[in-house]
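All chains should be modelled from the sequences, with the hints used to inform the complete structure.
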Amino acid sequence: MTAAPISPYRRPLTIDHTRVRNTDQRNFPVLIRLSDPTLRSTAAGGHVAHDQGADLFFTQADGRTRLPHELVAYDPEQGQLEAWVEVPVLSCRQDEILYLYYGDSSAAETAPVRGVWEDAYGLVQHGERVVAGSSAMELTEELTVEAWVQGTGSGAEALQPLVSKWAVQESFDAFSAYDAGQTDGLACVGFYGAVFDGRYVYWCPIRSHRERNTVHANVLRCDTQGDFHDPQSWEAYDARGTDGLNTVCYYGAAFDGRYVIFTPRDDGQGYHSRVLRYDTHRPFKSAASWEAYDADLPHSHQGVAGDGRYLYFCPGYDGASEGPLTESKLSGKVLRMDTQADFRDPTTYRVFDTEEISEETVCFDGGAFDGRYIYFVPLINGVVVQYDTKGDFADPASWRAYDARSLNMQMNVGAVFDGRYLYFCAYGHSHMIRYDTQGDFTADASWETFDAANTSGLDTGGFDGGFFDGCYVYFVPWTRTVPAGEHKSTYHANFLRYDTRGAFDDPQSWTAHDASTTDGLKTVGYNAGAFDGRYFYGASLYDGEGDAYHGRVLRYDTAGCNASFSLRYGDYGHNGGLCAAVPGPSFLVNTTKGPCSIAAHQALTPGWHHVAGVYNGRTLKLWVDGRLVAERSGAGSLQDNQAPVTIGGLANGSAQFHGQVGGVRVATVARSDDWLKTAYQNLVDPQGFIRLEKEEQVAI
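Numbered per the numbering used here, the sequence shown spans residues 7 to 706.
FYI, nobody ran anything at the bench for these hints, they're computed from the structure.
These numbers were taken from a predicted model, which means no experiment stands behind them.
Hints may be right or wrong, so weigh each one.
Derived DSBU-like pairs (lysine-lysine); straight-line CA-CA distance at most 30 Å [what the hints assert, rightly or not]:
{"#": "1", "residue 1": "Lys494", "residue 2": "Lys528"}
{"#": "2", "residue 1": "Lys528", "residue 2": "Lys599"}
{"#": "3", "residue 1": "Lys683", "residue 2": "Lys700"}
{"#": "4", "residue 1": "Lys339", "residue 2": "Lys396"}
{"#": "5", "residue 1": "Lys291", "residue 2": "Lys599"}
Pairwise CB distance ranges (calculated) [unchecked claim]:
{"#": "6", "residue 1": "Thr523", "residue 2": "Asn460", "range": "43 to 51 Å"}
{"#": "7", "residue 1": "Ala554", "residue 2": "Ala347", "range": "35 to 43 Å"}
{"#": "8", "residue 1": "Asp394", "residue 2": "Gly508", "range": "27 to 35 Å"}
{"#": "9", "residue 1": "Asp394", "residue 2": "Thr625", "range": "37 to 45 Å"}
{"#": "10", "residue 1": "Thr455", "residue 2": "Gln86", "range": "48 to 56 Å"}
{"#": "11", "residue 1": "Lys528", "residue 2": "Ala126", "range": "35 to 43 Å"}
Don't be surprised by glycine CBs; every beta carbon is placed ideally from N, CA and C.
Given below as structure tokens:
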């Protein structure tokens, strides 16, 4: 700070101490936004000597000690200015006085004052302009990432990066495997899908053998902050008999921010609707952490979709009228659960029969959400169903169907959404189809096809679920159709990947990799899975040998060490194929111990928001508009790498933020709670944070 030159005019600025939350803040960058006729240039009838605002500067209350400032914008015609000023002390007990000086015609020769952005700032950006730091910051254990953004409210289910130091791997061979088949004395084999809660991955138990009556309830869980190959990272719990019900065999799961909710399928004798849920705030192996409720709709529920409040269990087969486990009658009865209502209240559950649309809109396997519409993926008939979440669930007018058989749509299990396109996971074949959600659902022009057979010289035909990493859409190998005369297993491990930066119908956009042997294990036969932001975890099922299912978990690394952090306006919750969540704003860090993430689990309303993520080596926090919305433990130093910091997207991906980024700050320190609360108060109402007092003339 330096002594200020004499200027003929000044305006006192009063910082309202009630906006400074709980504790004093030191060396705090304050946003000042002013508008007043006296701040026009002299040419426009005001008192500012220079059209560029070169004579504008700020001092402490003594009127002499000049403060570091950055003039972001100045309009000489309107008398409007925006500036950042580093204030030595912001008191939470009494108002602070600053002075704005102007009118010195010789100020053009005054050297600019620097220092608003301290060394801890790795990057500061206003709009499109970088004003401090660079993407070459050195990361250790502490980090604060802030973004002041205007969202449209659309794309609640899209992966929308705000500020990221995250690059996706171009190579396609980073697989690892672990045999979790015997964990905690339980047979952890045979799963249909998995779900991620921000730290743990949960696998959905189906059965132990191909025989229908071998159903089980052994829920497998992996700590993604632990060593993948260390048995201590794995645990299992037998949820059979929860609340006195026969709680076995689940087909996918959802996470609502607190509870993992499992999709009921069958009990070996008949289909059931015994919804099972686990409270992630309580011990995993405690029976008190688990609840069950029979929704009294004994149909085959196959996968689940969610819109942030409601879960939609996808109907498969009707078990009510023709006996146990029949697949002769197809069901269209969508069971909807209100996650904000009493779990055991019958009114929490409602049913809509899609046969009201058409007798062919039945039997689905997986669903998806694009921010407004729920899509039900057709397993058999090739007719896609869309539900408008802004409409009445019981009103047939809220539902539409598109007959995709004209596109040669065949069987599908699960779907993947990349923020614009919805990709259907081809089951038993290679005919890939996607829908452009920005187009008319019922118009043929909104749909595209591509035959991905023999990609990279591999038999790439037949998948079960998939995931999106911000650049690539991956399809999880399960079973294929073997041509007549060929003697090979229908079960395979040929992962298929589509580069969303390329044309859908261009073979160059597609690659494949055979992961059938990984870490010395046979890794074949997976039924969807879960994605933690860096790793995809396949749900182990059957490798084609004998009658027993297996528990060899296959993991794929999408980023390696090329990722450090990603602050997101929204994230993709249905990432895996048969799981569901609407994370909303999220913060993901990649540490030496593995990735860890937190999410608000509530989409933001349209308008301006302050979103911030903080990591201190032990705890991960997410802030939205001055409020702590999520917190969880973490561990490890941040991965340091050469990936650039990107605003509104990923370094080499297609995921984009659907809005405007007004400002970004990345600091290599962990800001305090009160610091972030005060920062929001300043950003959301600069004029209320600082009052402009009457102009004073200064004796020269």
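We went through each hint and held it up to the structure:
1. Using a Cα cut-off of 30 Å, the hinted pair Lys494 and Lys528 holds, with the two alpha carbons roughly 15 Å apart.
2. Between Lys528 and Lys599 the CA atoms are separated by roughly 26 Å; this keeps the pair inside 30 Å, and the hint holds.
3. Straight-line distance between C-alpha atoms of Lys683 and Lys700 comes to about 29 Å, which keeps the hinted pair within the 30 Å bound.
4. Note on Lys339 and Lys396: the hinted pairing holds, with a Cα-Cα distance of about 20 Å set against a maximum of 30 Å.
5. A hinted pair counts as satisfied when its Cα atoms are at most 30 Å apart, and Lys291 with Lys599 qualifies at roughly 24 Å.
6. Taking 43 to 51 Å as the suggested C-beta distance range, the pair Thr523 and Asn460 does not conform, at roughly 21 Å.
7. Between Ala554 and Ala347 the beta carbons are some 40 Å apart, a value that agrees with the proposed interval 35 to 43 Å.
8. Checked against the given bound of 27 to 35 Å, the beta carbons of Asp394 and Gly508, roughly 31 Å apart, stay inside it.
9. About 40 Å separates the C-beta atoms of Asp394 and Thr625, a value consistent with the hinted range of 37 to 45 Å.
10. With their beta carbons about 54 Å apart, Thr455 and Gln86 fall inside the hinted range of 48 to 56 Å.
11. A hinted range of 35 to 43 Å for the beta carbons of Lys528 and Ala126 is inconsistent with their spacing of about 50 Å.
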